[in-house]
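Asker: Counting in this note's numbering, the sequence shown tops out at residue 1637, every number present.
What the hints contain is simulated information worked out from the structure, not anything from laboratory work.
Heads up, the beta-carbon is just placed ideally off N, CA and C, and yes, glycines get one too.
Where hints are given, some of them may not hold.
Stated by the list, open to error - Simulated pairs of lysine to aspartate or glutamate, DMTMM-like, Cα-Cα distance not exceeding 25 Å:
hint	residue 1	residue 2
1	K1339	E1443
2	K1339	E1377
3	K1191	E1335
4	K1624	D1529
5	K1339	E1311
6	K1191	D810
7	K1191	E1334
8	K1339	E1199
9	K1624	E1455
10	K1339	E1224
11	K1624	E1497
12	K1624	E1443
13	K1339	E1201
14	K1191	D1134
15	K1191	E811
16	K1191	D1172
17	K1191	D1336
What the hints assert, rightly or not - Label-pair ranges, simulated between beta-carbon atoms:
hint	residue 1	residue 2	range
18	A862	R1174	38 to 44 Å
19	C1608	N1547	24 to 30 Å
20	N1241	D1619	54 to 60 Å
21	E811	F1528	51 to 57 Å
22	A820	A1190	23 to 29 Å
23	T950	S1092	36 to 42 Å
24	A807	L1242	24 to 30 Å
25	F1337	D810	40 to 46 Å
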Amino acid sequence: MAWSCPGGWRQVTPMAFLDEEQPVAEDVADLFAQQQVCAPPETPDACPPGTMALLGEPDCVAVGSECPSDAPWPDEATLRQRAGDAFATGQLIYVSADADADGDGSREAPAQTIAGALALAADGDIVAIGVGQYDEEVALTQPVALLGACAGDTTLATTTADDEAGTLTVTGAGVLVRDLTVTGPRPGVVVESSGDAVLEGVQVYEAARSGVWLRGGRAVLRRGAIRETRSSATMELGHGLNVTDGATLEADHLHIQGNRHVAVRIDGEGTTAQLTDTVIADTQPQESDNNAGLGIAVQSSATLEGARLVVANNHAHGLHLTLGGVARLTDVHIQGTLAQASDGTLGHGIRVRAESSVEAERVVLTSNTRSGALITGAGSDMRLTDGVIAATQPGASDAKFGRGVGVEDESRFEGERLLITHSHTTGIYVSTEARLTDVVVTHTQPAANNLGAGQGVLVTHGGAMSGERFLLLHNHQSGLQASRDGFASVTDVTVRDTRRRLSDNLHGRGLDIKVGGRLEGRRILLVDNNNLGLYMSAAYPDEEDFGKYGPTEATLAEVTILQTRGTIPPEEGWYGYGWGVGLYNEAQLLAERFVLARNEEGGFGVTGEGTRAVITDLLIRDTQPLPFDNSRGAGLGSFTMGAIEGARIRLENHYGASLLGFREANSTLTDLTILNTRPQQSDLDFGRGVSIESGSALTATRVLIEDSHDASIVSTQRGTRVELTDLIIRNTAPRSFDMNSGVGVSVSRTASATLNRFSIDGSALVGLQVVGNSTLEARAGQIADNFIGLNIQSEGFDLDQSLTCVNITDNCCGDDCASQVCNIESTDMVVPKTFDVLTEVEGASK
792 MAWSCPGGWR QVTPMAFLDE EQPVAEDVAD LFAQQQVCAP PETPDACPPG TMALLGEPDC
852 VAVGSECPSD APWPDEATLR QRAGDAFATG QLIYVSADAD ADGDGSREAP AQTIAGALAL
912 AADGDIVAIG VGQYDEEVAL TQPVALLGAC AGDTTLATTT ADDEAGTLTV TGAGVLVRDL
972 TVTGPRPGVV VESSGDAVLE GVQVYEAARS GVWLRGGRAV LRRGAIRETR SSATMELGHG
1032 LNVTDGATLE ADHLHIQGNR HVAVRIDGEG TTAQLTDTVI ADTQPQESDN NAGLGIAVQS
1092 SATLEGARLV VANNHAHGLH LTLGGVARLT DVHIQGTLAQ ASDGTLGHGI RVRAESSVEA
1152 ERVVLTSNTR SGALITGAGS DMRLTDGVIA ATQPGASDAK FGRGVGVEDE SRFEGERLLI
1212 THSHTTGIYV STEARLTDVV VTHTQPAANN LGAGQGVLVT HGGAMSGERF LLLHNHQSGL
1272 QASRDGFASV TDVTVRDTRR RLSDNLHGRG LDIKVGGRLE GRRILLVDNN NLGLYMSAAY
1332 PDEEDFGKYG PTEATLAEVT ILQTRGTIPP EEGWYGYGWG VGLYNEAQLL AERFVLARNE
1392 EGGFGVTGEG TRAVITDLLI RDTQPLPFDN SRGAGLGSFT MGAIEGARIR LENHYGASLL
1452 GFREANSTLT DLTILNTRPQ QSDLDFGRGV SIESGSALTA TRVLIEDSHD ASIVSTQRGT
1512 RVELTDLIIR NTAPRSFDMN SGVGVSVSRT ASATLNRFSI DGSALVGLQV VGNSTLEARA
1572 GQIADNFIGL NIQSEGFDLD QSLTCVNITD NCCGDDCASQ VCNIESTDMV VPKTFDVLTE
1632 VEGASK
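Please model the complete structure; the sequences and the hints are all you need to start from.
Answerer: Structure (structure tokens):
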């Protein structure tokens, strides 16, 4: 992100928009250091009347021209120069508050009132107002130039209150007003539908209802100030700049501060405003009800084009569009929007609603309340290119939300090159439609009211989000979550170090797809997350959302999941708290080209009836034990009627077991390679390549298992079934504390196994073991170079019926085969026990 900043604006990093107490991770700080974005020039916080904060000026500057030092008016040449070419041939008519009532308008005998001078003026004349205060209402009905000596010392200040009539009213075309202060208990400057005026260097101060009000006319405002507009007689309104009824406004270098209700209001079909280089700040609520206090409102099909705007410390909304309002913005900085004073709600930086639209480029939204940008309502849309949204704060009334971006209620949002940091509750919330490209979301904090949530991106309640190139760093609970029929389609996503939610120290998942959420994704990296890298689950029967939403599904390709950290379970005996992938409760995953490495507790688990994963090209390696008890470290598992279908599966360097199946689970695999399964570190037990138990089933073709411990394959307990074709087992080692172990294939406790075209060699104890009433069908195999070839611990086992074309040879139980051969033995030997320590994998799903 490298913005091209306008002249006078500062090029900064995003760190400029964060307070020192807001922590920034080292990798984020490095990322921020590479980003160049724009910040407005420094301006003073407060300026006395007659002066203004002007973008590009570090100190307060005079409104309009400097005051003459030794005369009521500037000299004639200066006056004509200020009036410009349009009034080059007009006569000069002078006004002085100290003049006699019968003055003729000359410099020597000025008129006493502005109205008197205007009565003497013809089209194209110049009325020069001397230093002083004038208590009158002025109407400009013809093309004249009304020039004050200077805004600081020349004041038009009526004392007669009125909510409709202006102190200065323009009905004529070709009017110029310069260097004047307008004040009093009525609208300051009113331009009617027939009016066409240029106001330059004009200060409107402590007017009532509206500071400057365009009622269908046309006006150009330059280098002026509109400040501290007061309420109407009914304690309502107090707009700074009010553009209505099809009016046209061009304005630049304005200072609009301390007004009420709405600082800049643009309203009505055909109403247009061009606003540049302007500060809009400190708008106060409406006095009658303490509502509003907006910076800018664009409504009822009006249009705003804005560039180089600073909108700061207003209430309710920094920028509000409704009822078909349209805004096109460039280089806009909206900060510090406060909640609505009456009830503590709102406080959004930008709010787009009711068929309104915004196109914005190079926008910073910082330290706003409840939402940086909120888009709601059918027909509403926002397109933001090059945006920074930082430090959005939770609501004042309920401590809720604080989202970076919210897209709701049939609206649409499109964002490109966005950086969203230090939001609360959710970085980006989508319940309707969003398209995102090149998005960074970092440091989303949990909800302040309950310390839950903190997702980087949440797509929910039927929302649909598509996009590419996401970087989601150091958020809480979930990096990217799709739930409640939310759908996300993403490419090139990195989710790193999602942190546990603070409410219960659980979760911290990379991808969280649940309760009817759906995800399509490609080229995804999940690293250093907590609990589960990828989590998927439908609602459970005891949950409120049960049965309300569609299936939970994902289609993913080219996914890498690294170093998922195990969390301490909330109840003793619960597990499933550190897997790279965890699928639960009817979730469906279609996956290809997955790499999982160095995750804690388990690599890839599928749990629950109706839960299914279909995966092609899966590598799981180096799964680590849980750090708090040194247990587990498995590779791939199906549990409690969960199902896995896979092709080209490679499992390397796991602890305890590489492939598990418990409680009527089912796995169907082809081209399965399992290497170097080690005993679990907590007790040095197990280390199996495959353990299928408690009524589960494994069907696999083209299987290679090398360097397991305890047993390479265990099929145990009633109803358990293993069917393997083209199987090679090599080098099954004993457990370190029990040399009476090391079985190639063990079938026990009424389980069954079918082996077709197989080879078992290098087992430390037994190549093939059948125990109890278990059944075995073995065809076209070789059992060789084990300590014992075949161990039968089953009465009535029919060797001839169970084994067909199986060569059992060179199984040497002595020093060498010449001294003793144990090809077939019926001696009672140690039978690998069940892996019953993994009792509650599904505990992680809650």
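Asker: Each hint needs a verdict: does it hold in this structure or not?
Answerer: Status of each hint after checking the structure:
| no. | hint | verdict |
| --- | --- | --- |
| 1 | K1339 - E1443 | 40 Å, violated |
| 2 | K1339 - E1377 | 14 Å, holds |
| 3 | K1191 - E1335 | 21 Å, holds |
| 4 | K1624 - D1529 | 13 Å, holds |
| 5 | K1339 - E1311 | 22 Å, holds |
| 6 | K1191 - D810 | 21 Å, holds |
| 7 | K1191 - E1334 | 23 Å, holds |
| 8 | K1339 - E1199 | 19 Å, holds |
| 9 | K1624 - E1455 | 18 Å, holds |
| 10 | K1339 - E1224 | 21 Å, holds |
| 11 | K1624 - E1497 | 20 Å, holds |
| 12 | K1624 - E1443 | 23 Å, holds |
| 13 | K1339 - E1201 | 20 Å, holds |
| 14 | K1191 - D1134 | 14 Å, holds |
| 15 | K1191 - E811 | 23 Å, holds |
| 16 | K1191 - D1172 | 24 Å, holds |
| 17 | K1191 - D1336 | 22 Å, holds |
| 18 | A862 - R1174: 38 to 44 Å | 54 Å, violated |
| 19 | C1608 - N1547: 24 to 30 Å | 27 Å, holds |
| 20 | N1241 - D1619: 54 to 60 Å | 59 Å, holds |
| 21 | E811 - F1528: 51 to 57 Å | 55 Å, holds |
| 22 | A820 - A1190: 23 to 29 Å | 28 Å, holds |
| 23 | T950 - S1092: 36 to 42 Å | 38 Å, holds |
| 24 | A807 - L1242: 24 to 30 Å | 29 Å, holds |
| 25 | F1337 - D810: 40 to 46 Å | 43 Å, holds |
Hints 1 and 18 from the list above are not met by this structure, while the remaining hints are.
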